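J.: These are the residues of each chain, in order.
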Amino acid sequence: MKKLTIIFLSICMVFQMGYASGNKEEKQAPVQDTIKMSMASDIDSFDPFLSVAYDTQAVNKNIFEGLMTFDENGNCIPSLSESYEVSEDGLMYTFHLRHGVTFHDGTPFTSKDVVYSINRYAGLDGNPAILDTFAQVKAVQAIDDYTVAITMKAAHFGFIYNMIQPIVKAGYDQNAELPIGTGPYKFVSYTAGQKVVLVRNDSYWGTKANIKNVEIYFINDAAATISAMQSGQIDFGMVLPDLFAPLAKNYDLIASPMNMTDVLALNNDETPFDNVKVRQAIYYAIDRQEIMDGAFGSKAVPIYSPVSSTMSGYVNTNLSHTYPLDREKARTLLREAGYPNGFAMTITVPANYVQHVDTAQILVSQLAQVGIDVTINSVEWGTWLEKVYSNRNYQSTIIGMTSLIDPVDILQRYTTQSKKNFYNYSNTAFDAAIDEALASQNNESVVKSLQKAQQIVNDDAGAVWLCDPEMTAAVNKKLGGYKFYYAGYFNFSAMYYK
Amino acid sequence: MLYLSRKLLSTLITIILAAVVTFLVFQILPGDPALVILGPNADPAQIANLHQSMNLDGSAVSRFLTWVSAAAKGDFGTSYRYGTSVTGLINNAFGVTLSLGLLGLLLSVIIGIPFGVLLAKQKSKGKGMVLSFFSQLGLSAPNFLVGILLISLFTVQIPLFPSMGYIPFSSSISAWFASIFLPALSLAVGSSAVIVRYLSTSIIEQNEMDYVRTIRATGEKESLILYKHVLRNSLIPVITIFGMLLSEVLGGSIIIENVFSLPGIGKLLTSSITSRDLPLLQALVLYLSIIVIVCNFLVDVVYQLLDPRIRLE
Chain A
1 MKKLTIIFLS
11 ICMVFQMGYA
21 SGNKEEKQAP
31 VQDTIKMSMA
41 SDIDSFDPFL
51 SVAYDTQAVN
61 KNIFEGLMTF
71 DENGNCIPSL
81 SESYEVSEDG
91 LMYTFHLRHG
101 VTFHDGTPFT
111 SKDVVYSINR
121 YAGLDGNPAI
131 LDTFAQVKAV
141 QAIDDYTVAI
151 TMKAAHFGFI
161 YNMIQPIVKA
171 GYDQNAELPI
181 GTGPYKFVSY
191 TAGQKVVLVR
201 NDSYWGTKAN
211 IKNVEIYFIN
221 DAAATISAMQ
231 SGQIDFGMVL
241 PDLFAPLAKN
251 YDLIASPMNM
261 TDVLALNNDE
271 TPFDNVKVRQ
281 AIYYAIDRQE
291 IMDGAFGSKA
301 VPIYSPVSST
311 MSGYVNTNLS
321 HTYPLDREKA
331 RTLLREAGYP
341 NGFAMTITVP
351 ANYVQHVDTA
361 QILVSQLAQV
371 GIDVTINSVE
381 WGTWLEKVYS
391 NRNYQSTIIG
401 MTSLIDPVDI
411 LQRYTTQSKK
421 NFYNYSNTAF
431 DAAIDEALAS
441 QNNESVVKSL
451 QKAQQIVNDD
461 AGAVWLCDPE
471 MTAAVNKKLG
481 GYKFYYAGYF
491 NFSAMYYK
Chain E
1 MLYLSRKLLS
11 TLITIILAAV
21 VTFLVFQILP
31 GDPALVILGP
41 NADPAQIANL
51 HQSMNLDGSA
61 VSRFLTWVSA
71 AAKGDFGTSY
81 RYGTSVTGLI
91 NNAFGVTLSL
101 GLLGLLLSVI
111 IGIPFGVLLA
121 KQKSKGKGMV
131 LSFFSQLGLS
141 APNFLVGILL
151 ISLFTVQIPL
161 FPSMGYIPFS
171 SSISAWFASI
181 FLPALSLAVG
191 SSAVIVRYLS
201 TSIIEQNEMD
211 YVRTIRATGE
221 KESLILYKHV
231 LRNSLIPVIT
241 IFGMLLSEVL
251 GGSIIIENVF
261 SLPGIGKLLT
271 SSITSRDLPL
281 LQALVLYLSI
291 IVIVCNFLVD
301 VVYQLLDPRI
311 RLE
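Chains as they are written, first to last, in the numbering used here: chain A, 1 to 498; chain E, 1 to 313.
Because the hints were derived from the structure by calculation, they are not lab data. All figures in this text were calculated on a predicted structure; none of them were measured in a lab. Each residue gets a CB set at the ideal place from its N, CA and C atoms; glycine is no exception. Treat the hints loosely; a few may be bogus.
[Said to hold, decoys possible] Here are some chain E residues pointing at chain A (derived, C-beta under 7 Å):
no.	residue
1	ALA42
2	PRO44
3	VAL156
4	GLN157
5	SER163
6	ASN258
7	ARG309
[Said to hold, decoys possible] Ranges of calculated distance between the beta carbons of each label pair, as one might list FRET restraints:
no.	chain 1	residue 1	chain 2	residue 2	range
8	A	ASN352	E	PHE134	14 to 24 Å
9	A	LEU124	E	LEU56	19 to 29 Å
10	A	ILE143	E	VAL20	54 to 64 Å
11	E	GLY88	A	PRO128	18 to 28 Å
12	A	PRO128	E	LEU29	22 to 32 Å
13	A	GLY206	E	LEU65	46 to 56 Å
14	A	LEU253	E	ILE173	32 to 42 Å
15	A	LEU253	E	ALA70	25 to 35 Å
16	E	ILE16	A	THR102	54 to 64 Å
17	A	GLY313	E	ILE173	52 to 62 Å
18	A	LEU253	E	PHE134	36 to 46 Å
19	E	LEU29	A	ASP358	37 to 47 Å
20	E	LEU2	A	ASP173	47 to 57 Å
Go ahead and model the full structure; you've got the sequences and the hints to work with.
T.: Here is the structure:
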């Protein structure tokens, strides 16, 4: 027995030494030429035509670039195109492409790559369209090697944001296995379910990245992520704020609102939510601060319209005073609507989103105070998507909608015709305001129309907008330059070791 | 011959039934695979394109028959979620699960058998409370808890092993062992406790038997009685358990794989269900049924070797 134990332990020692000696530096301090990041979900596809996952695109933006990109304030800035002009009537965009850019395999970047990519997105090459947002594109034409003209079917203010989409090498269809882009990092390898490895593009046209290697590991267990950071295997990644404590010695917790809007959706087609007074009553009955403290550890920013407060140019700041917590008012409105004794309602929540389940539980107690009896129906994610989102078969639900940089996108979901309008909200004045915004030629009139639209949907209490939760990242203290963006983007090239 | 052909037939029927039931459940289960993959922020064109590539038209019966005819040729199709061949995904995951399972079971045998014998010895003298207590602890401790404790001890406090990721045997043997040791140990804690209890009970039972009394009467040394005669016979119920444990670990230890971020069968199984990845799930169900059947068969064979009185009737 003893002999066995001794033999067993010595075998362990031998193997352990082999591993530990080779990796001692890794545990002491981060290796200076590599960033190791953790991600909760796996890559869905490296091919920009196939990928949709938020996290994948956050990584892919290092490999691929579009004609435009965005900065950390949400502004659309030039990338592969140096400048562009829009015609008076908004129907033609002319892009002047950057010279001297090459793809990772050495092929020069020219207008034919732009034409190829946009034709694919818009479905102009015979294949089905990849993105409906390109539906207004009539044609794409290369004027010369470095000039591209895009003709539109109708003027659309938000179109320029579509130019953030990655430009792919013309005719190259192996991006799912070996992605080739123009970005600051090149693809090295991908092991499904395990990790992605990237290396710096030394022929990059812009400011070269500081750190040579990037390794992204997929760890979907929150506790395992923390342990990996504690043992020095991971340099940064998203963590939940209440799990951060053991990392405080070597890591900083950086938080920023993520331009996501958490909303209590009230199905405008179902009783009693087809009555605007009932919706407004619920608005008066909720205490946003309590929800933010209880479900988000106070790491959230309140919102009063579908547009998050982070979209500072577009959000209608007058709306923050519209429905203060006022339980008396709520009860009065309910009486007026014909519900003097309140009523019963069901909130369907997707069980995998802890914050939404927590929010629902807080709402139960808040709404009970005005006589509304809430039942929580917790369902699995796939079921939620089909029942609530697709079939709109629900009474009320809580969900977070991620926003893009395009300010019109999130508001468009409330238009009568939108396929994404699972709120079933309908108001012709609102639809008109959105159309106005789309047809606008200058930023000022867009802002005016969008703010008008927000006012309308807020007056109608189309939904109850709760907050924009903060995204929290634990970053090794030796790592600097981590920036938050309002759309998915892990900017590795901006990071450096102090 | 008749036995073998009957066994083969019942195996085939079991597998077909498993495939049919899985398929049927998926038809009833709400959840559009395209929507699950793309999420509520997806562009409607993307959803339409994905629907088309999934071939979701056609009646349930015709789709099932198409799958069966392809499967019979070994083609299990393309995963909805990963877009790559299903067989490729399962092969990669299988390597991980096999390493984890085999090392875990090896460890549980190394730990379980000696302690099982020790417990039997102590119990026959009226002692053994401490060991019994620990085996009870091993049985009841959830394996994810053991996993997290081990990570905390051997990765954070004493940096000995990595806490995540898997390095294949082919890359580096020492790195492979380091990446799989803690997970295998977490598995072994529970399984060895089972072996300890079964073995100790079995040995005590065997010790009561007539043939042991006879051997003892001939003046044989106690240790020789134990190791030459009793142990062999006591192992029989342990083999049954071992067979069950083997099919369990080869089916993918979902929780351990999750805690240690090992890309094994367990992870593949859970992700195929949540993403409604029917081709992958059907192939996995097939794989699991075959594993269970093969393990049971192996157990039968080992029985025969251990005890000539048991014949495959």
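J.: Quick one: which hint numbers does this structure break? Sort them smallest to largest.
T.: As far as the earlier hints go, 4, 7, 8, 15, 19 are violated by this structure, in ascending order.
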